[in-house]
Amino acid sequence: MRQPRALLAVTTVAFVLGILLVMQLRAQNGAGGLEQLSAADLTVLIANLNDRNGLLRAEVAGLEADLRGLEATGASGEGNLGRLRSDLTRLRLWSGLEAIEGRGVRVEVVGPITADAVNDLLDELRLAGAEAIAIEDVRVVAGTIVAGQPTELVVDGSRLGPAFEITAIGSPPALQAILDRSGGIVSRIAVGQPDVFVEIILSETPLQLPATRRDLIPDGATPRI
Amino acid sequence: MSTLAARFRRIPGWQWTFAVALLALGFLVAVQLGAEGPRVRYSSSERPPLLETARELDDAQAALQARILELRDRIAAAEAASTGTDRAVMELNQALTTSRLAAGLVEIEGPGLIVRIDDSGQSVPPGAAAADYLVTANDLRGLVAELWLAGAQAISVNGERIVETTAFTDIGSSILVNSAYLQPPYDVSVIGPPELYDRLTTSASFVDLVRARVQDYGLELGFLPSDRVAVAAFAGTIKLVQGRAVPSASPGSSP
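In order, the protein sequences belong to chains X and P. Numbering-wise, the first sequence is residues 1 to 225 according to the numbering used here. Numbering-wise, the second sequence is residues 1001 to 1255 according to the numbering used here.
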């Protein structure tokens, strides 16, 4: 080690080693997915985040108004009784505990469709802002999954026949647009499963969806304080 | 043998140090090259402002979600404070508490699993599609579906509660859940029965999913069973524009 050339070699290697170590640590810390997105993807992401933040701001404004009302009159005031009832109804309708009605679309499915394709259909309807969905007389809630082989599909214990209907409440044009879009789920099914026929019908009259038969209270779980 | 040992003993100490340093250097170079793996970095002049805007919106979203959870807690506490003063209010409060739990608006904990799924650590072979080596919305949706089928009772992904309106979307190489932007690795927190893990790992469709994505493309999948898994509360909007109560239904009935 007394040779200057050896000392220089070790110093150089140690220097390069240090640089690489710092690069690696930085790469791991800064490996945020945003860095990986193209300008086009970032634009779509920004549009999505903007929309969502708008909805969240509206939710915050509503909750702040509720809280102000509660603090001003006390929870047992007449006005708040009405608000509590209205909140409860909205929550039960939204979560599937209560039957619901409203405008939307009906999606008729005929043929040996796969369970994955039906689950994708449900996901696309949610993406389009569906407020409530049902498959035949089964209300779709968080844990509702379609399973089984084509023509033997099962949803929440109910067997689906070779033809069945999905109903969704939400803005009919928005629901139809996302299902029918080029490269959307309906065109993917048409290409991948040519024996399956899917038709989207905008409902002229309000659709009625049943309440879920599931128990939605998680068993064995406790609220976290 | 003794000759070889003697030759080793003759090697000066600094040469050993040098060899170890070179070994470490080689390792770091390999790791660095591997990290360049599936995810591709883009560069263009229009990206920096877009990146900054996306980051600001993402931060704003996190702040709004935190505010929603805080306000819901304060409202629930204010409502609960009136319990006992009026029978009607008491009953409504009880029904609201139960409904909030059922709707996923309450953070809960219980026995279950944390399942972690992450992008592949493998380098992408020439001619292969880099996107195949990343976790997609379809992978997450499939994993969550398998967990429900195995008996899961509550699920959240990186803090986003899975509720009836939850959709999974791909935007480039990123995933939106509940329209919230998530980054890998994805931690799926699940509360469920003790047999959840066994049911999941013996399900034929889950085995197919693992074979197709973990074995073929090297996505990383891990499980951590726990007696106390926390599942986040839904911090999104509960808005009905088209939907309303069916006239014959009885709003406010017990769940």
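Bear in mind the hints are in silico, worked out from the structure with no lab data behind them. Watch out, some of these pointers could steer you wrong.
What the hints assert, rightly or not - In silico SDA-like pairs for lysine to any residue, Cα to Cα no more than 25 angstroms straight-line:
{"id": "1", "chain 1": "P", "residue 1": "K1239", "chain 2": "X", "residue 2": "L67"}
{"id": "2", "chain 1": "P", "residue 1": "K1239", "chain 2": "X", "residue 2": "G157"}
{"id": "3", "chain 1": "P", "residue 1": "K1239", "chain 2": "P", "residue 2": "L1057"}
{"id": "4", "chain 1": "P", "residue 1": "K1239", "chain 2": "X", "residue 2": "T12"}
{"id": "5", "chain 1": "P", "residue 1": "K1239", "chain 2": "X", "residue 2": "A65"}
{"id": "6", "chain 1": "P", "residue 1": "K1239", "chain 2": "P", "residue 2": "A1021"}
{"id": "7", "chain 1": "P", "residue 1": "K1239", "chain 2": "P", "residue 2": "F1027"}
{"id": "8", "chain 1": "P", "residue 1": "K1239", "chain 2": "X", "residue 2": "D215"}
{"id": "9", "chain 1": "P", "residue 1": "K1239", "chain 2": "X", "residue 2": "A174"}
{"id": "10", "chain 1": "P", "residue 1": "K1239", "chain 2": "X", "residue 2": "S171"}
{"id": "11", "chain 1": "P", "residue 1": "K1239", "chain 2": "P", "residue 2": "V1029"}
{"id": "12", "chain 1": "P", "residue 1": "K1239", "chain 2": "X", "residue 2": "G54"}
{"id": "13", "chain 1": "P", "residue 1": "K1239", "chain 2": "X", "residue 2": "A47"}
{"id": "14", "chain 1": "P", "residue 1": "K1239", "chain 2": "X", "residue 2": "R5"}
{"id": "15", "chain 1": "P", "residue 1": "K1239", "chain 2": "X", "residue 2": "S38"}
{"id": "16", "chain 1": "P", "residue 1": "K1239", "chain 2": "P", "residue 2": "P1125"}
{"id": "17", "chain 1": "P", "residue 1": "K1239", "chain 2": "X", "residue 2": "R103"}
{"id": "18", "chain 1": "P", "residue 1": "K1239", "chain 2": "X", "residue 2": "T11"}
{"id": "19", "chain 1": "P", "residue 1": "K1239", "chain 2": "P", "residue 2": "L1069"}
Unchecked claim - Facing chain P, a subset of chain X residues (Cβ under 8 angstroms, in silico):
{"id": "20", "residue": "L8"}
{"id": "21", "residue": "L37"}
{"id": "22", "residue": "I46"}
{"id": "23", "residue": "I169"}
{"id": "24", "residue": "V191"}
{"id": "25", "residue": "I200"}
{"id": "26", "residue": "I201"}
{"id": "27", "residue": "D219"}
{"id": "28", "residue": "A221"}
Each residue gets a CB set at the ideal place from its N, CA and C atoms; glycine is no exception.
Here is what the structure says about each hint:
Between K1239 of chain P and L67 of chain X, the direct Cα distance comes to roughly 18 angstroms. Compliance with the 25 angstroms bound is thereby established for this hinted pair. Taken as a hint, the K1239 of chain P and G157 of chain X pair is broken in the structure, with Cα atoms around 29 angstroms apart against an allowance of 25 angstroms. A distance of roughly 21 angstroms separates the Cα atoms of K1239 of chain P and L1057 of chain P; the hinted pair therefore holds under the 25 angstroms criterion. Between K1239 of chain P and T12 of chain X the alpha-carbon distance is near 63 angstroms, which puts this suggested pair outside the 25 angstroms criterion.
A threshold of 25 angstroms between alpha carbons decides the hint, and for K1239 of chain P with A65 of chain X the separation of about 15 angstroms falls inside it, so the pair holds. Pair hint K1239 of chain P plus A1021 of chain P does not hold up; C-alpha atoms about 61 angstroms apart against a cutoff of 25 angstroms. The straight-line distance between the Cα atoms of K1239 of chain P and F1027 of chain P is roughly 53 angstroms, outside the 25 angstroms bound, and the hint therefore fails. Straight-line distance between C-alpha atoms of K1239 of chain P and D215 of chain X comes to about 22 angstroms, which keeps the hinted pair within the 25 angstroms bound.
Distance check on the hinted pair: K1239 of chain P and A174 of chain X sit about 16 angstroms apart at the alpha-carbon level, within 25 angstroms; holds. For the suggested pair K1239 of chain P and S171 of chain X, the alpha carbons sit about 13 angstroms apart, so the restraint of at most 25 angstroms is met. For the hint pairing K1239 of chain P with V1029 of chain P, the CA-to-CA distance comes to about 52 angstroms; that exceeds 25 angstroms, so the pair is violated. A threshold of 25 angstroms between alpha carbons decides the hint, and for K1239 of chain P with G54 of chain X the separation of about 13 angstroms falls inside it, so the pair holds.
The hinted pair formed by K1239 of chain P and A47 of chain X meets the criterion: a straight-line CA distance of about 20 angstroms does not exceed 25 angstroms. For the hint linking K1239 of chain P to R5 of chain X, the alpha-carbon distance of about 73 angstroms lies beyond 25 angstroms, and the restraint is violated. About 32 angstroms separates the Cα atoms of K1239 of chain P and S38 of chain X, which puts this hinted pair outside 25 angstroms; it is violated. About 47 angstroms separates the Cα atoms of K1239 of chain P and P1125 of chain P, which puts this hinted pair outside 25 angstroms; it is violated.
Taken as a hint, the K1239 of chain P and R103 of chain X pair is honoured in the structure, with Cα atoms around 15 angstroms apart against an allowance of 25 angstroms. Taken as a hint, the K1239 of chain P and T11 of chain X pair is broken in the structure, with Cα atoms around 64 angstroms apart against an allowance of 25 angstroms. Between K1239 of chain P and L1069 of chain P, the direct Cα distance comes to roughly 16 angstroms. Compliance with the 25 angstroms bound is thereby established for this hinted pair. Interface hint at L8 of chain X: violated, since its Cβ lies 11 angstroms from the closest Cβ of chain P, which is beyond the 8 angstroms cut-off.
Annotation: L37 of chain X was flagged as interfacial toward chain P, and the flag holds, the nearest CB pair being 5 angstroms apart, inside 8 angstroms. At about 5 angstroms, the closest approach between the beta carbon of I46 of chain X and any beta carbon in chain P falls short of 8 angstroms, and the interface hint on this residue holds. About 5 angstroms separates the beta-carbon of I169 of chain X from the nearest beta-carbon of chain P, less than 8 angstroms, and the hint is met. A cut of 8 angstroms between beta carbons decides the hint on V191 of chain X: the least distance to chain P is about 16 angstroms, and the hint is violated.
The beta carbon of I200 of chain X comes no nearer than 16 angstroms to any beta carbon in chain P, farther than 8 angstroms, and the hint placing it at the interface is violated. The beta carbon of I201 of chain X comes no nearer than 16 angstroms to any beta carbon in chain P, farther than 8 angstroms, and the hint placing it at the interface is violated. A least Cβ separation of about 6 angstroms between D219 of chain X and chain P falls short of the 8 angstroms threshold, and the interface hint therefore holds. At a threshold of 8 angstroms, the smallest CB-CB gap from A221 of chain X to chain P is about 3 angstroms, leaving the interface hint in force.
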